[in-house]
Amino acid sequence: MQFAAGAVGGTLLTPLPWKLADDSAVWSQNWSWRPSPERGEITKVPSVCTLCAGGCGIQARIVNGHRAILIEGNPANPVNEGSVCALATSALQFLYAPYRVAQPLKQTKKRGDKTGFQAISWEQAQTELSKKLEEIRVEGPQSLACITSSRRSSMDDLWAQFLTAFGSPNLFKMPSQCDSSRTAAQLTTGNASPFAFDLENAGYVLSFGASLLDGCAASSRASGALRRWKKDRYPVKIVQVESRCSITASKADTFLPINPGTEAALAMGIAHLMVNGANYDAYFVKNNVFGFEDWTDANGKKRQGFKNLVASSAYSPEQVAKITGLEAAKIREVAKEFASQPKALAVWGTGRADISNNTYHELVFVALNALKGNLKPSGLIAVAPKVPLSDLLPQKDILSENASQHPRLDLAKAQSCPCPQNGLYGFLDAIASGPKYPIKLLMVHEANPAHCLPENKLFMTAAEKVATLVSFSSYMDDTALLSDYILPNHMALERFDDVIGVPGAPYGYYAVSSPILKPLLDTKHTGEVLMKLASTLGGTVASSIPWKSYEDFLKFRVEGIAKAKTGAIIDKPIDISSIKAGDPVTPNYSDGADLFKKLKAGTCWHDAPTGVTFDKTSSGKLELACQSIGKGTQATDDVIYLPHFSPLKPSGSESEWPLLLVGYSIPQVSCGYLANPPFMNKLVPDSVLMGNELFVDLNPQTAASLGITQGDLVMVKTTQGEASAKANVTPAARPGVLYIPRGMGHKAYDEYIENKGVNACNLMEVQLDPVSGMGTVWATRAQLRRV
Amino acid sequence: MSEKGHAQSNIRLGMVIDLDKCTGCGACSTACQAENNISYRPDESQKLRSITWMNIYQLDNKKAYPDFKIAFLPRPCMHCDADHHSPCTFVCPVNATTRDENNGLVTHIYPRCIGCRYCMVACPYHARSFNWWDPTWPKQMESMLSPEVSPRMRGVVEKCTFCHHRYNKARAKASVDGTDPNKAIYTPACADACPTKAITFGNLLDEKSEVAKLSKDPRAFRILEKLKTKPKVYYLSKQDWIRNLADNSLT
Amino acid sequence: MKEEKTSASGKVVGTLLFVLGFAGAMVLGWVVFPNLLYSQKVQPLNFSHAAHRDNDCDSCHKFRPDGTYAGIPKISNCKECHESAQGSSEAERILVEEYVAKDREIPWLVYARQPDNVFFSHAPHKGKQIECVRCHRDVAKEEKLPPLREDRITGYSMTTMEMTECEKCHAERGASNNCEVCHK
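Line by line, the protein sequences are chains D, Y and A.
The first sequence begins at 328 in my numbering and counts up by one.
The second sequence begins at 7 in my numbering and counts up by one.
The third sequence begins at 371 in my numbering and counts up by one.
It is possible that part of the hints are untrue.
Derived pair list, reagent style DSSO-like, types lysine-lysine, alpha-carbon separation capped at 30 angstroms [as the list claims (entries may be wrong)]:
1) K1074/D to K613/D
2) K792/D to K437/D
3) K514/A to K371/D
4) K613/D to K713/D
5) K371/D to K145/Y
6) K411/A to K371/D
7) K203/Y to K564/D
8) K564/D to K244/Y
9) K948/D to K441/D
10) K1044/D to K1074/D
11) K845/D to K69/Y
12) K496/A to K538/A
13) K145/Y to K449/A
14) K68/Y to K214/Y
15) K557/D to K145/Y
16) K444/A to K346/D
17) K670/D to K244/Y
18) K145/Y to K558/D
19) K346/D to K514/A
20) K458/D to K436/D
21) K557/D to K69/Y
22) K557/D to K740/D
23) K649/D to K943/D
24) K851/D to K907/D
25) K371/D to K449/A
26) K145/Y to K1074/D
27) K763/D to K851/D
28) K564/D to K219/Y
29) K763/D to K740/D
30) K411/A to K381/A
31) K189/Y to K538/A
32) K1074/D to K767/D
33) K1044/D to K792/D
34) K68/Y to K564/D
35) K924/D to K411/A
36) K236/Y to K558/D
37) K763/D to K976/D
38) K740/D to K723/D
Everything labelled a hint here was simulated from the structure, so no lab data went into it.
The following block holds chain D by itself, in its conformation from the complex:
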């Protein structure tokens, strides 16, 4: 008793009870299973983002040299000026993604079976692949094909080098609006380089469907332009022409709601008023434009010029009003504004610029800008300048010479288009419908055509006919899942890469993306895999690709810039849009090695805009009458040479399919090669995705006529397929049109991505452009019913 009392008394005088009480309080706040982020020195490593084509300068925060925790903008980069987009801030979620492919895999079961992948060594992967290549090379090297990313980088040139030396013409890029822009530039100016816009210096912007702020490629530059347009004093007027009340439309000062796909008709209508009112740059047109007036072709036949075509009553405001759904008075008003504003610029686009456009419509927009004099040497429109990188000169041998008898598969058809370009759709179509020769090995690099190619079933059907499908993806994406082999590339932040030009920018731009970290997994740079395969194949393939590492290859390319002695490094903040065409830019690097060293450290190279020249066309002028379109045909209709409104009719009848389905993009959803990362999932509005249900937007009028109310489960059926979704009844939608967000509905990756919503590409119809043979998308006939 007393002992206990003594013990209690004594204990109370020791730290024991108090310490225990305190410790248990502290313990209760310790959640040991909560991760404790490693501490240490935080450094900033500059690099350049290659997740999209935009070419933004970034810097990564790295803990103790081995753990990346944040991607920020690099203030010294002129493209993004220190800012950064939602995708780039989420870049580390791709680096540390659970769905990354950790080592080479080989499918041992049926294609598409996740459980069938067996880990193999790099040695085995490369040996098996080079064995297949050797066989193909003997049997007919044209049976090798590759689909690569639409982003412009030196990897394109390495692929081209590899395939050319190997003997195959079948290299395709994922579609991009740059393709059709390049076609238009080639036809009108003779330059095989897409058009570029001086957005920052425009005084009035008339945008024909360009999704400048709805997640377009190179969004950082568009954002920078918006910031300049929305300045306090004398803000720049923005006019958006589109069918849906998009973000760009809401930010615009004027929104011109039109029937989907009729933007070019409106442009023709505006041109009509300018020409008939003699309210255009007659001096520029007279001296620099061919085909404005009536013209005579090579056979001496007199043909109609653009002037008489556009001035005809077919493009009167009343006619155009009928096509577009706008009021004639509104068309007159905009035409007057556009014609009278001294720095008015017409820009155009196809949503997020990941699909090519109707060539004639591209030409219409060029013509409209020509009337405005925007293609003058100091004008608002130029062609993207060529970056003087070292050229690659493939060495051909007998085997590859033989292959030249086998033209590219999309061109091997009986009837081909007059101005063939990146014919990915024609290629896939050819494989699916019995090709001239088989494709035995298809390599897919930095692309996910199984998901993000509109009318993706074309790819699926084609893939089934290909004996071996190899993916070089860093991730277990929809296409990798279908592959026989996956040879995982380093993730974009772990490897050397480069950015050749900013899409749509008039200035010269080149940047090297250096790794921010050592590779985390057993992956290999695809460029270096190609180098290894080339050296195994030996002969001219090996001698065409002599580099040992991708860094060496880039060094070689950069030498070309140093030899040309043009442009300069930017290593501190400057306003690049203030540099005009012809402004002197003095090189601030001593030689190629110095230039590469500076680029490797996260700076970028730039050069003044080069404007646009017409010396490569046969007339030496800007050609609005594109003579090459009619080459080889006995064209009777003069209009085929000229820019005109030429919609491609979607299949299906209007009575059976009363609605139009249009895909749209939002900046909160990544819809290219990369799937939406978890960070961006938080941004996706609940009017786009709820649980796993995707919403399609429809106007209250449309909804009422179909007896549909907000949130109803509906079945969307198009001529291409059907899917169940939920109805989002919103005045953002044009009556009679259904809008479906793109980028959802993945069937691969992990629980954060898989099975969320519907893939819009399953429902979209692609039509081949008659001039370029490239796939274009604008609307698909559809029906909708409540379930």
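Given the structure of chain D, go ahead and fit chains Y and A onto it with the hints provided.
Coordinates of chains Y and A only, in the frame set by chain D:
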């Protein structure tokens, strides 16, 4: 909290967001998530359960096509500067959330929070989120957690801190550099990221600062001003319908 | 009388028992308990601060340019002098062979590690002329690193400063005691 502490200092950290420049791209929000170790779940479509410090609301003018217009309103914590207390600090029974009268930051300390969620009810801006579950990340993704912000635990409330850890760092750097820590400036992750540079941050009491000038711009307004919570986040817009939605016209 | 005696001796016994209990508890509380509560962890190799007395504290424990404190130096710092062995002790051999040669960081145990939700910067404290020994043990003449004594319940080091101590000093010196000054 104390009256005597209020308004003594000459630092009031605040933010101005230009809604006419905001495109709703979400870069501020993702930058915030990366900077502040905000957890995520496979399904983030239930917005009431989704934890976001910088939430982006989509506003619309309620008109029919084609006069329909949308706008975006990024909403961080307003760090209310109402007299004596902010709505949330007043109701906290355990002093887990308090206002620093030296700079106006409304702070929230996780281990002290008992998860009663009174503050969430009190906040008129829905700026606070509750951890219904233990935050979990796919194992590999734990590598990208920042050591500068502590990961939260189940059962506590969290909200935007104006990246005060960056403020602490800037002050520490000032100490080392031998400059006045009270003049230290920093930008939160959201303002750094914004592609249109719509977000301006700084000391509202420093007359020369950009943020002070913009907060007095004729286009400036605050949300729910009638509640007299005195938010330190100002918005700019020329468009009346946006300003009306903010309840600015009601007195 | 007898009863009184008994009760007197009982009292003595009682007192004895009480003292015994008291003493036992004291021993338990002051000696046994701390030894039970704290584990002893030995550093990966010994470091003699005394042997490095020629240098200032700052030459190894320095601030980074961004104002953060580097704390325990990295192996690169050791390498400056210890590229090759500077003596024949066992610690020297481990240092050079296991760490310097292999360019591996030494997994030092930190005596003053604060939990994740604490922000502590040495910079303002240093600026206020507060001596290192105000918070850290005096290492000037220390030949052998003491073992790290880790609380088995909380996982904290015995020498981790507690919040009350921070607050007390802040209050005395008029420094802010607002939450976000020290928490993150």
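For each hint, the structure was consulted:
1. At roughly 56 angstroms between alpha-carbon atoms, K1074/D and K613/D are farther apart than 30 angstroms, so this suggested pair is violated.
2. A threshold of 30 angstroms between alpha carbons decides the hint, and for K792/D with K437/D the separation of about 14 angstroms falls inside it, so the pair holds.
3. For the given pair, K514/A sits about 37 angstroms from K371/D by alpha-carbon distance, which is inconsistent with the 30 angstroms threshold.
4. For the hint linking K613/D to K713/D, the alpha-carbon distance of about 28 angstroms falls within 30 angstroms, and the restraint holds.
5. Straight-line distance between C-alpha atoms of K371/D and K145/Y comes to about 24 angstroms, which keeps the hinted pair within the 30 angstroms bound.
6. A distance of roughly 35 angstroms separates the Cα atoms of K411/A and K371/D; the hinted pair therefore is violated under the 30 angstroms criterion.
7. Among the hinted pairs, K203/Y with K564/D is consistent with the structure: their alpha-carbon atoms are about 19 angstroms apart, no more than 30 angstroms.
8. With a C-alpha separation of about 14 angstroms, the suggested pair K564/D and K244/Y falls inside the 30 angstroms cut-off, and the hint holds.
9. Pair hint K948/D plus K441/D does not hold up; C-alpha atoms about 57 angstroms apart against a cutoff of 30 angstroms.
10. Between K1044/D and K1074/D the alpha-carbon distance is near 20 angstroms, which keeps this suggested pair within the 30 angstroms criterion.
11. A hinted pair counts as satisfied when its Cα atoms are at most 30 angstroms apart, and K845/D with K69/Y does not qualify at roughly 53 angstroms.
12. With a C-alpha separation of about 18 angstroms, the suggested pairing of K496/A with K538/A holds against the 30 angstroms cut-off.
13. The suggested pairing of K145/Y with K449/A is violated, with an alpha-carbon distance near 34 angstroms, which exceeds 30 angstroms.
14. Of the supplied pair hints, the one linking K68/Y and K214/Y is violated, its CA atoms being roughly 39 angstroms apart against a limit of 30 angstroms.
15. Between K557/D and K145/Y, the direct Cα distance comes to roughly 44 angstroms. Violation of the 30 angstroms bound is thereby established for this hinted pair.
16. Simply put, K444/A and K346/D have alpha-carbon atoms about 35 angstroms apart, too far for the 30 angstroms limit, and the pair is violated.
17. Straight-line distance between C-alpha atoms of K670/D and K244/Y comes to about 24 angstroms, which keeps the hinted pair within the 30 angstroms bound.
18. For the suggested pair K145/Y and K558/D, the alpha carbons sit about 45 angstroms apart, so the restraint of at most 30 angstroms is broken.
19. Using a Cα cut-off of 30 angstroms, the hinted pair K346/D and K514/A holds, with the two alpha carbons roughly 28 angstroms apart.
20. Between K458/D and K436/D the alpha-carbon distance is near 21 angstroms, which keeps this suggested pair within the 30 angstroms criterion.
21. Straight-line distance between C-alpha atoms of K557/D and K69/Y comes to about 24 angstroms, which keeps the hinted pair within the 30 angstroms bound.
22. Straight-line distance between C-alpha atoms of K557/D and K740/D comes to about 50 angstroms, which puts the hinted pair past the 30 angstroms bound.
23. For the proposed pair K649/D and K943/D, the alpha carbon gap of about 39 angstroms is over 30 angstroms, so the pair is violated.
24. Between K851/D and K907/D, the direct Cα distance comes to roughly 42 angstroms. Violation of the 30 angstroms bound is thereby established for this hinted pair.
25. For the suggested pair K371/D and K449/A, the alpha carbons sit about 24 angstroms apart, so the restraint of at most 30 angstroms is met.
26. Taking the CA atoms of K145/Y and K1074/D, the gap is near 22 angstroms; set against the 30 angstroms cutoff, the hint holds.
27. Pair hint K763/D plus K851/D does not hold up; C-alpha atoms about 34 angstroms apart against a cutoff of 30 angstroms.
28. Using a Cα cut-off of 30 angstroms, the hinted pair K564/D and K219/Y holds, with the two alpha carbons roughly 25 angstroms apart.
29. For the given pair, K763/D sits about 8 angstroms from K740/D by alpha-carbon distance, which is consistent with the 30 angstroms threshold.
30. At roughly 46 angstroms between alpha-carbon atoms, K411/A and K381/A are farther apart than 30 angstroms, so this suggested pair is violated.
31. With a C-alpha separation of about 26 angstroms, the suggested pairing of K189/Y with K538/A holds against the 30 angstroms cut-off.
32. Note on K1074/D and K767/D: the hinted pairing holds, with a Cα-Cα distance of about 25 angstroms set against a maximum of 30 angstroms.
33. Between the alpha carbons of K1044/D and K792/D the distance comes to roughly 27 angstroms, so the proposed pair stays at or under 30 angstroms and holds.
34. Annotation: proposed proximity of K68/Y to K564/D holds, straight-line Cα distance about 24 angstroms (limit 30 angstroms).
35. With a CA separation close to 47 angstroms, the supplied pair K924/D and K411/A exceeds the 30 angstroms bound.
36. For the hint linking K236/Y to K558/D, the alpha-carbon distance of about 28 angstroms falls within 30 angstroms, and the restraint holds.
37. Using a Cα cut-off of 30 angstroms, the hinted pair K763/D and K976/D holds, with the two alpha carbons roughly 28 angstroms apart.
38. Restraint check for K740/D and K723/D: satisfied, since their Cα atoms lie roughly 25 angstroms apart, inside the 30 angstroms limit.
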